[in-house]
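Trainee: Here's the letter readout for the chains.
There are 2 protein chains.
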Amino acid sequence: MGNKFTSRTEDYSKWYNELVGRAELAEHSDVRGCMVIKPYGYAIWEKMKDVLDLKFKETGHSNAYFPLFIPKSYLSKEAKHVEGFAKECAVVTHYRLKNDENGDVVVDPEAKLEEELIVRPTSETIIWNSYKNWIQSYRDLPILINQWANVVRWEMRTRLFLRTAEFLWQEGHTAHATKQEAIEEAEQMLHVYADFAENFMAMPVVKGVKSESERFAGAEETYCIEAMMQDGKALQAGTSHFLGQNFAKAFDVKFSDKEGKLSHVWATSWGVSTRLMGALIMTHSDDEGLVLPPKLAPIQVVIVPIYKGDEQLAMITEKVIPLMAELRKKGISVKYDDDDNKRPGWKFAEYEAKGVPVRIAIGKRDLENNVAEVARRDEKTKETVEWESLLAHIESLLHEIQDNLFNKAKAFRDEMVTEVSSFEEFKDVLDNKGGFVSAHWDGTIETEDKIKELTKATIRCIPLDSEREEGVCVYTGKPSTRRVLFAKAY
Amino acid sequence: MGNKFTSRTEDYSKWYNELVGRAELAEHSDVRGCMVIKPYGYAIWEKMKDVLDLKFKETGHSNAYFPLFIPKSYLSKEAKHVEGFAKECAVVTHYRLKNDENGDVVVDPEAKLEEELIVRPTSETIIWNSYKNWIQSYRDLPILINQWANVVRWEMRTRLFLRTAEFLWQEGHTAHATKQEAIEEAEQMLHVYADFAENFMAMPVVKGVKSESERFAGAEETYCIEAMMQDGKALQAGTSHFLGQNFAKAFDVKFSDKEGKLSHVWATSWGVSTRLMGALIMTHSDDEGLVLPPKLAPIQVVIVPIYKGDEQLAMITEKVIPLMAELRKKGISVKYDDDDNKRPGWKFAEYEAKGVPVRIAIGKRDLENNVAEVARRDEKTKETVEWESLLAHIESLLHEIQDNLFNKAKAFRDEMVTEVSSFEEFKDVLDNKGGFVSAHWDGTIETEDKIKELTKATIRCIPLDSEREEGVCVYTGKPSTRRVLFAKAY
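Chains as they are written, first to last, in my numbering: chain A, 1 to 490; chain B, 1001 to 1490.
Keep in mind the hints are simulated off the structure, nothing from the lab.
All residues carry an ideal CB built from backbone N, CA and C; glycine is no exception.
Treat the hints with care, as some may be off.
[Stated by the list, open to error] Simulated DEER-style distance windows between Cβ atoms: (1) R1163(B) with K98(A): 15 to 23 Å; (2) K1329(B) with S421(A): 57 to 65 Å; (3) E83(A) with D1050(B): 17 to 25 Å; (4) E83(A) with E1110(B): 42 to 50 Å; (5) T59(A) with K1329(B): 18 to 26 Å; (6) D30(A) with D1465(B): 39 to 47 Å; (7) T59(A) with D1338(B): 17 to 25 Å; (8) F412(A) with K1329(B): 37 to 45 Å; (9) K1132(B) with D11(A): 22 to 30 Å; (10) E101(A) with D1030(B): 55 to 63 Å; (11) T381(A) with R1163(B): 22 to 30 Å; (12) E83(A) with D1030(B): 17 to 25 Å.
Starting from the given sequences, assemble the full structure and let the hints guide the process.
Mentor: Below you can see the structure in the form of structure tokens.
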């Protein structure tokens, strides 16, 4: 732990990889593209899950579980969907192994599946195949279901959390009687995601819709939240899709309305994944390691005793126990690290690397003076606090850190939105500053493709709150009525 | 919902299948052997998960996540393990689809994996391959990790929850410095499972160890909890394995002790699955449908207004709202069903089918008399309760139902353990009464196999609390020192 990290300015990508390892969040497995999420990383993901799950339930959704495998033919049923997803998938072709004549384990050629199964890259098709049997009348609607699951998309170039062949996510799949209701659902879930990102992850996001070419395969409209990482690259943190009647038509799902008239059902789907872990890391962390917003920190407060000998330790421990009980009563998670095998300096570095928001150190002198040293992870400042006010201090400090992280990230993000009016400026910003480039665009796929080809920047979104503004496309000079956000992205 | 169920005595298996459908717990998907867990079924599973997860954390375990895929060669590393598991697995051989000349989606023959991947049937191998890198010294031990995951075992004959190709489960995988500590861990988790089964599922279990032939593939000792279903068949509800050093040796995982001496690490693994849903159903339910212990019921209390016209409904609703608030304050989940499209009788039948423990009906007359009708699902009795004492009544009734379900199931189970001393008796009990047969056995696999061949009964376990008792094997007449439990099993 003593070794110095690679810094962000030195090599951002290396910094990220080292941080993920050093904070014990995840590691690569021997299976190509599949990660192991280690206990500390998983504990953060569990906190995210718990908050999101509650929000989904508060908005009327229930959890359910659908099969891991999708028959190959299902993927083809929605024409655009198969274009987007069928390509890079794990394909199950056999269902048995056997020992060959040498005693080696081989695939049994006799156990070949009639129809290959695809490990789900997303579950629209298998779910809509079930909904077909669940929906007859308007009384069966809406269906508001979410699933927590693992999905697989075969990726050639992977990065822990950001892009892995297998990842964990949730996918909501809802069915509605009217177009309007489905659109409202898709928008509602976008707001749920944005609220989670901003108020729990302390990560400011831009809410918007995707341009046609970035839309989910099979969607009529893709809503998204886009965040800005410290290296000036954008990250899509969550998407919510208005699917129109595309999947209902593909799977022939109709309902009879009050008058008995049959219509196809309207749909949405929406998801966030373990990718959020990558977003969280890259929004707040620094050269010392992970920085966590208190609301998602598995350990919010760590207490480190500074002592010589068992007697001093016993005195400190006696003082600390009631404080811990009080903190826990307030729902604050606290760890007391009296591990005798590690020096305090080593512990300090470890909890810094792991992003624990508040560290309290107590030595013999502090006991005598009835104080403790309180260090905050976000600003790396320390102060001495009277024991009597310690509890209240910690409580308000946790709120302060949560707010501070958001405000810092927000100030950075705002600074990283640059309005440009020429393609020269556009390229200059991307090359030298990074971030979002707010520019007029003529609305065509051709221009979008050309800009991507020339700059590697894509349209991250058309912000929901963008104002109508007459202008000309930064690339073609054709008329445009609003600015969109371009950026290089993860 | 008006139609009568198949009864248990008519056709137990059909009763089970109908109940799972009617209570909206799960259904078969179009993917062979894979089920869809519907929202109500999943809500029960979530309650189980929450309780178990807390118990795992209280006993020092953390959650983590390991890859879905296991390289084929890993399965072969532990010789017995591959025998037990490598056979019926989903095998991924390709990672891409493509469009053929006709535009159909086909597997791309160019995208063949060098080494096939197996969809995990259980994760010992992939996890011990990771532990190899995590463990160097005794300071790295113990490792106490649990994983909530989906697993796949290709089953030809499937039944919802009881035997499905894909199922959900948790798998604990721990690593220890000493044999003793690993054995204690395996035993501790057995007790955790038994406590959960008895105090939450209200399902009495026998704690025991498996005979050699029923042991987990790769274990030195398999501990299990065995439950008795209403049709006289046993069900293995959870297992905890002492794995010795088998996986540490297979994956070469060694640690240096305080003196620097290298030794192989000791291991355990333990798991329960969505099979518990089947056990829960078959322990308590009756011909009207599901019966749920209150501690695992997603809805503990349902309130059904009996009214004519909006005015009466409004009066009842006004009365009910504060009661619901009080119930929720006590952590009791309550649903008010004022759906105008369904008649009260239909609702009663529906909540009976879904096993809601307490049903409250309130009509105009009840309002006038300041009472409510309280029906309990377990005994199907009703009583009129004064409004003033309703809250306290419901609270104690929920406890009473929880206890009653356990006591009834316990009395049934105890009644279904029969001690026999001859093979004639043994067969007679299995043919005519069912249940556990407690019999002496000579301890050999041959005898066990022969008995299974003749009667279809297997040794469910050697109970942990069985007393030493001299006797002779019920089949061979050879000497035996203790009775073991035989039964036909799910």
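Trainee: For each hint given before, does the structure comply? Return the numbers of the non-compliant ones in rising order.
Mentor: Structure breaks hints 3, 4, 10, 11.
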